[in-house]
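Enquirer: Protein sequence lines, in the order shown, are assigned to chains C and E. Everything in the first sequence is counted per the numbering used here, starting at 5 for the first residue and increasing by one. Everything in the second sequence is counted per the numbering used here, starting at 504 for the first residue and increasing by one.
Worth flagging that the hints you see were computed from the coordinates, not collected in a lab. Take these hints with a grain of salt, some might be off.
Stated by the list, open to error - Using C-beta positions, here's what the derived DEER-type ranges look like: (1) E:GLY594 to C:PRO249: 17 to 23 Å; (2) C:GLU184 to E:GLY594: 45 to 51 Å; (3) C:GLY84 to E:ASP576: 36 to 42 Å; (4) C:GLU29 to E:GLU571: 24 to 30 Å.
Bear in mind the structure is a predicted one, so any value in this text is a computation, not a measurement. Note that the Cβ used here is the ideal one computed from N, Cα and C, for glycine as well.
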Amino acid sequence: MSPKVLLVVQLAVFSALAPHLVRAEKSDYVRPEISMPADNMSNPARIELGKNLFFDPRLSGSRWISCATCHNPALGWGDGLATGIGHGMKNLLRSSPTVINTAYNKFQGWDGRARTLEEQAVGPIKAQGEMHRDMDDLVTELQGIGGYITMFDQAYPGDGITEITIGKALAAFERTLITEDAAFDRWVAGDETAMSEAAKRGFELFEGKARCNICHSGFNFQDDGFHNIGVAQDPPDAGRYNVRPVPVLIGAFKTPTLREITRTAPYMHNGSYTTLMQVLDHYNRGGDVERNLSPNIEPLGLTHREKLDIIAFMVALVSDQPLAVTIPNLPQISPEYTE
Amino acid sequence: MKMSKFPPVLLAMSLSFGVMADEVIIDQLSKEFVLDGEKVEAIKINKGDTIIFRNRDEFFHNIFSLSELSTFDLGSFPQNDSRSVTFDEPGVVEIECAIHPDMFMTVEVE
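Modelling step: build the complete structure from the supplied sequences, incorporating the hints.
Expert: Here's what the structure looks like:
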């Protein structure tokens with residue numbers, strides 16, 4: 005059989021196959037296991053060290069900004085601002101994303117520049133516009149704090165205080181920032197009364213007419229994908245294109261989770277919307293900027309009632325109680341430290 | 504017949520490998536590269552062979568490579584559309600969907 009004949013046969017057979025449908029099964033929303041790198045399996049010592057580092061403003065050049073400044077547990081582990089504020093009180097280009105459920109992400113940050121939490125965790129520390137800390141200086145400073153010497157030794161015996169172990173500890177702590185079950189999860193598990201009728205209608209729309217689950221898919225309601233959804237921004241932000249220079253990625257950003265959505269406003273990569281209705285209106289009109297707009301974005305024709313139902317569904321993705329954390333007492337410089 | 508258990512498309516693809524692997528069809532399905540119904544992350548082909556990428560998801564996919572051996576961007580395409588690329592030089596090429604970068608595979612051209 006010639007290659008051309010084979011190709012015709014293959015394509016003819018393919019055209020008869022049923023298309024893969026977007027609509028998911030309930031099992032697609034079951035909580036997955038959290039994967040960890042083999043060289044950084046979590047344990048209590050690593051998590052506790054990571055928590056201390058997360059809340060320690062000495063990780064910044066100004067000694068004033070900690071990870072928790074922009075990822076504030078009292079604000080859904082974000083900062084409630086449209087765009088973050090970095091070193092020298094300068095506004096950053098993008099919204100501070102929540103760090104909740106980042107353990108499920110295969111790409112970290114709005115542009116996916118980091119593949120692991122370990123890699124991502126040290127990025128903002130060193131970034132000039134963010135925490136603005138010289139890593140060598142930070143390591144030296146931490147090596148002079150007895151409490152940290154002990155904690156690093158317990159968490160990573162023999163590895164010392166390094167950029168690598170700092171990143172590992174922060175990642176270990178961030179892997180504990182996982183949402184509790186929400187009404188939606190109880191409904192997935194079989195409790196038909198867990199979600200309101202409006203939320204159930206909203207879920208139907210979410211997977212159907214509104215096409216939300218093209219990108220907001222799976223347990224964490226994000227696809228580790230990058231999409232230009234037509235958000236207006238001046239000047240434009242190239243987004244993922246800065247990481248992968250492929251034209252389709254100009255203005256594309258990673259799909260954010262919808263978990264804890266009511267606790268993580270404002271929305272979009274530049275925080276341009278303060279309410280979920282504004283977000284739905286954006287999608288309903290097919291976005292605002294046509295340049296390089298994802299072909300998956302198109303006007304939806306949703307009614308006001310339908311938008312309210314989708315919002316009711318998204319509220320069902322919010323856990324009953326915010327993720328609780330006990331703020332650590334940070335180790336202080338050792339009295340015997342003389343430098 | 505035993506072969507009747509297999510979907511016709513798989514049989515055709517098997518024949519294409521057994522007889523003449525000039526063309527390999529890889530589906531983009533459930534945000535994975537799929538060959539013979541299985542997720543594929545690496546394949547070997549011969550110099551001059553063509554891979555046809557076929558989108559079977561109900562949303563757009565993309566195909567590109569920024570490998571030293573071969574740089575191309577086949578663009579984004581909707582369900583049931585396909586794009587093909589022929590590999591004329593031996594070596595390893597990394598292929599990715601720009602929209603869903605977890606869709607990643609390597610092609611070793613012999």
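Enquirer: A separate judgement is required for each hint: does it hold in the structure or not?
Expert: Here is what the structure says about each hint:
1. E:GLY594 to C:PRO249: 17 to 23 Å: 21 Å, holds
2. C:GLU184 to E:GLY594: 45 to 51 Å: 49 Å, holds
3. C:GLY84 to E:ASP576: 36 to 42 Å: Given range 36 to 42 Å: holds, Cβ gap about 39 Å.
4. C:GLU29 to E:GLU571: 24 to 30 Å: 41 Å, violated
When each numbered hint is compared with the structure, a violation occurs for hint 4 only.
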